[in-house]
Amino acid sequence: MTLEAAPLFTIENLHAGIEGKEILRGLDLVIDRGEIHALMGPNGSGKSTLAYVIAGHPNYEVYEGRILYKGENILEMTPDERAKLGLFLAFQYPTAIPGVTMANFLRLAVNSVRKARYGEDKALSPREFRRLMREKLAMLRMDESFATRYLNEGFSGGEKKRAEILQMALLEPEFAILDETDSGLDIDALRTVADGVNALFNPNMAMLIITHYQRVLSYIKPHFVHVMLDGKIVASGGPELAEELEVKGYDWLKAEFAETAS
Amino acid sequence: MATEAELELQRLGTEYKYGFRDPEQYVFKSRKGLDREVVEQISWMKNEPDWMRQFRLKALEYFLKRPLPTWGADLSELDFDEIHYYVKPTERQGRSWEEVPEYIKQTFERLGIPEAERKFLAGVGAQYESEVVYHSLREDLERQGVIFVDMDTAVREYPDLVKRYFGTIVPPNDNKFAALNSAVWSGGSFVYVPEGVRVEIPLQAYFRINAENMGQFERTLIIVEPGGYVHYVEGCTAPIYSTASLHSAVVEIIVKEGGRCRYTTIQNWSKNVYNLVTKRAAAYRDATMEWVDGNLGSKVTMKYPAVWLMEPGARGEVLSVAFASDGQHQDAGGKMVHVAPYTSSQIISKSISKGTGRASYRGLVKVHRGAHHVRSNVVCDALLLDEQSRTDTYPYMEIEEEQVSIGHEATVSKVAEEQLFYLQSRGLSEAEAMSMIVNGFIEPITKELPLEYAVELNRLIQLEMEGSVG
Ligand SMILES: Nc1ncnc2c1ncn2[C@@H]1O[C@H](COP(=O)(O)OP(=O)(O)O)[C@@H](O)[C@H]1O
Ligand SMILES: [Mg+2]
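Heads up: the protein sequence lines correspond to chains A and B, in order.
For the first sequence, the numbering used here begins at 1 and goes up steadily by one.
For the second sequence, the numbering used here begins at 1 and goes up steadily by one.
It is worth saying that the hints were derived from the structure and are not from the lab.
Yeah, the Cβ is synthetic: ideal placement off N, Cα and C, and Gly gets one too.
One or more hints might be untrue.
Unchecked claim - Among chain A residues calculated to face chain B with C-beta under 8 Å, some are:
1) Leu8
2) Ala55
3) Gln167
What the hints assert, rightly or not - Across the chosen pairs, the derived CB separations fall in these ranges:
4) B:Ala416 <-> A:His15: 23 to 31 Å
5) B:His408 <-> A:Pro203: 58 to 66 Å
6) A:His15 <-> B:Val412: 48 to 56 Å
Unchecked claim - Partial pick of chain A residues on the chain B-facing surface, computed with a CB cut under 7 Å:
7) Val62
8) Gly65
9) Glu76
10) Pro79
11) Lys84
12) Leu89
13) Gln92
14) Thr95
15) Ile97
16) Gly99
17) Val100
18) Ala103
19) Ala109
20) Ser112
Chain B extracted, bound-state conformation (with noise of 0.2 Å):
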């Protein structure tokens, strides 16, 4: 007899729950393919500043001159030429709820988004496709000057704030996804936190990519001023493609003396596509900086969120869970580099492996010459939930200063046959059981989540568990 979660399973896997997929209805889409002229027209699209312009056109030298890296996983199946860098969905940006377009209401329903905001949202950037479509901000927020709006608008409306901090945390230059993200980003958050101001209910975006062989390239810029705080939460679903799509984001982070900023995501892209990733902050003196990542779904996936730790006192954080399952590379981790002295990091990684899927944990610490009194830690566990599953694990230690403590721990253990009799044994299916104790692996990181993501992931390695149980 089928118990609870097994219908539920079973509900889910008819229907891959965001595997929903809209009918296109696009009003402009750029042609497949990358040259100065798609790099002009987007930016013409858009209606932007000349220094935008320039900004995207260096970038896109840079990124045509960068060879593909090649550690990490294997990109040889992406194909540049086979990607529309740029789709632009309705004709502008709605501002209420009312004027968005009905089918993409009906997209952020079964997301779950109006309900969410009921809740206690204080402002939602949703991106449907490449340009944000629907945006709210709550007034208390606006009265303290607090800032989230996506970018587009940002360069638009705060041109000054901008212009400063834009590409400062990852230059274009910096690799080749960077510079792609800097010759065609569309869409991705701006969040300004003005100084002493603590935004106590987090700011959330969903993401959503719903055209094939479309790349996505948001751009996140968040600044938080001395004292400030800030919780970003990022949630992605894709609907399953029979071809490979891209996915490129930039994320920069800026905080300041004293300020606290962290920045969650929970990734679920569907299986094909493709998901390179750079997200770095520069967290000043006594700043906080955590990064809270999960990355479930996608073909492949290489994201090392990092922290500049600038200033003493300075402090990163990076807690990452990668789920890789069938034909599915995970590669994530994290990057520390302490430039100042008096700083302290942690990284923890928990990774899972099922069937042919390969989860490697790659790390940087990184100690400059003068950054003494520096503590780092860093833990990475391994599960594997069969035979053929795969993990490695790459931790680089770059330490030029000796007054220093660093600590390292791996561990790579095997689902325990005696864990999943015991379960069972008390009535829960084998499919139940090994949930149950993935769930459990990856507990130290879901109790950090906001409730709803922490139960989503949670239901997301169930669904996954469904099929590796015969």
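Next up, chain A with everything else stripped away, as it sits in the complex (with noise of 0.2 Å):
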């Protein structure tokens, strides 16, 4: 296979877990650039552990198999060195920093990455930054007062969701995961956050949307829809298959996995 032909994102045969017990049994999965993948289960099934894999949570543990960005396998790499290649998650529970601003966190962070990615010359003035910043913020109709808040510090669990996709569209990944970004969202911010996804999406990238509901889908159109039970994706198709576990539930596929699995 010639290195253009390769897929943006491939995961083989992944068992991963953490404290020794085993979460992801066996997962495979590949991305391309200009897809966008749904990744769909009950809760506990292994969604957010998956991805803290793919982000190099150093807490989880990789028993077998690889993940390969750009055709590296990035499993050795730290979080920062990865997040230097593009890739970006979108935390279901995103941490509060005490005392750390949204804007000198994200104008570092954004620097780090765009020095790493683009060259050292790209790094951005504060005036630069700050005005990107004051239009990413218009996008997603947040005010800007958020600049000068501390780093998800009592920000309400909407706000917070709202604050991830700003990361997201200032650091510009080719890789994200979204953990999630729709629950605790009420119709109007899922939308404006829905929107903005969209507006970021582009075929150069490739996302991976993380969701139990199939609400958020409506809005932000997957090419793929995968469905994980227990750590294993069992169930992949089109979009049709996030209709039809709408109507059905899990359960369906529950008993035919365990059928198929006996």
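Hints given; two lone chains; assemble the complex.
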């Protein structure tokens, strides 16, 4: 396979867990540029675990398998090295950092990533950064005061989710994972966030939307839908799979999966 | 690939920013050790009036009599016989920038003084060794009657004011190190703010030690007359030396009715310095005294800025940051003594310990009998950066009155893995993530600092973080 033909992102036979407990049990996934994939599955099926393993959370252990991104196995890389290659995770539960303003944090993050990806001279001046930040805040209908608030400190559930997408907008990832970004958003907020995500998407990047509701998928249209149960992908298909799940729930898959597994 | 911050760190790391050193060029340097003859010599060199000579000699007796404190940090390695107690670098004090010797100018330039002055300084008193060599004061302040001179000059030119207040807030027999300072003091600032005068721009002094085994014993006295206001800022940097140095300052402040004084220090002594400082203020009716105190560097620091709340309505505040890294012991805190009713105080202390570093909070809130309706609040937060680092809290309360409201909160936390991971997942290196978390932790205090000091403090912390992660 030549390099150009290789997909952007490939997971091969991934076994991973935490504290000796295996959560992901043989997972395969291929995602290419220009694609939006949805990963669905009931609570506890291992979706966030997968997101953390991809982003490089130090507490998770990988027992077997590979994750290839742009042809490189990223499993040995630190989280910041992965970010500097254009990976991004919108957290399900973003962490608060008291005393650190959004603007100070994001300027350092954006410039670290820009310099690594585009070259040392591509850092933004404070003025350029402010302009960009204002633009993205407006896009997500967020008040400018967010810039001077402390990172995720005292943010409502919805504010946290918007702030994650704001970070994505500024960091311009090539591969973005959105872990339950829709949960905790009311319908207007969901629409704003979805509009933002759609505006950010382009044929050069890929996205993995993790959710356990079908709702968000009527705003962000996936090309592929995967269903995860007990640490494995048990079904993959087109957008119609999400609709089927909406009608039938996960139980039919569980029954089917139990049969094939036995 | 190295980020902007990492490159900065590398640059700073290779040449410890303020660790540069001038070749020693001294006009006079006292011999090592301390006795009556050395004290007499200091007084003679300074051409002092007899009362000051007597004051010094009396203080020397107290110093020799008093034992070392048995509490707080370990001072057993401190050898009083190995210290030069007085070094006079130039023949006389420079009055204008042109008169300051070239090599000293270079040092100041590297410390950024002329630039700072151009920007907004009201006056600069910079201490080089034991003698103030450069000093300037803006003309409009002078016209308002504000005095901002080095202490030596004050003894000569304002003898009545000095004689009236010197040693009244920190008497020479207060403690061993106050006695030592009283015997051998040299340099420091004298600030006088007349009634109703508000000094709108901070008065700044830069301090620097530059002789091996040299003690620095500056003495500062600030008097704020009724309704006056001043913000005094002192930053200290020191080069790295192989054998222990001693810094033992005394600061005395008097804030009269309705006046306000803020005293800001960021000190970054090199890691062999014993930093043993007595800072005390008396606040009278409706007066406010605020100490903002940042302690980095040094081998041992013992420093507890104090406010004596003398009359109703007086308010005292201490905001303190201590950073103890490998081999350092920061024993810092604050003291509030409520002598009068209807007085209030607050102590906010933030400490960070790294590696074998140890940061202790030591504080006292004392309420005298009859001082009813006192309000006092103490918050001390400790952040531990790794498994071995250590923190202790010694919050003393001596409350002799019942109708009071006293609050005390203490927290100890570790840098959370989740926070590090979150920041790293956005492209920050581990060291960058760590310094961002630490700087966030002390933000309630840095936001009170003049901007360039806040920047400097954040940078110093970044530098400290560089070594902490592999
Ligand atoms: N830190 C942890 N320690 C132990 N078990 C965990 C931890 N995080 C998640 N798990 C377990 O891993 C499984 C998958 O969790 P998670 O990946 O959060 O699922 P999902 O995101 O699909 O709801 C669950 O059984 C959960 O209890
Ligand atoms: Mg989850």
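Self-check item: Index of numbered hints that the structure contradicts, given in increasing order
Solution: 1, 6, 7, 8, 9, 13 and 18
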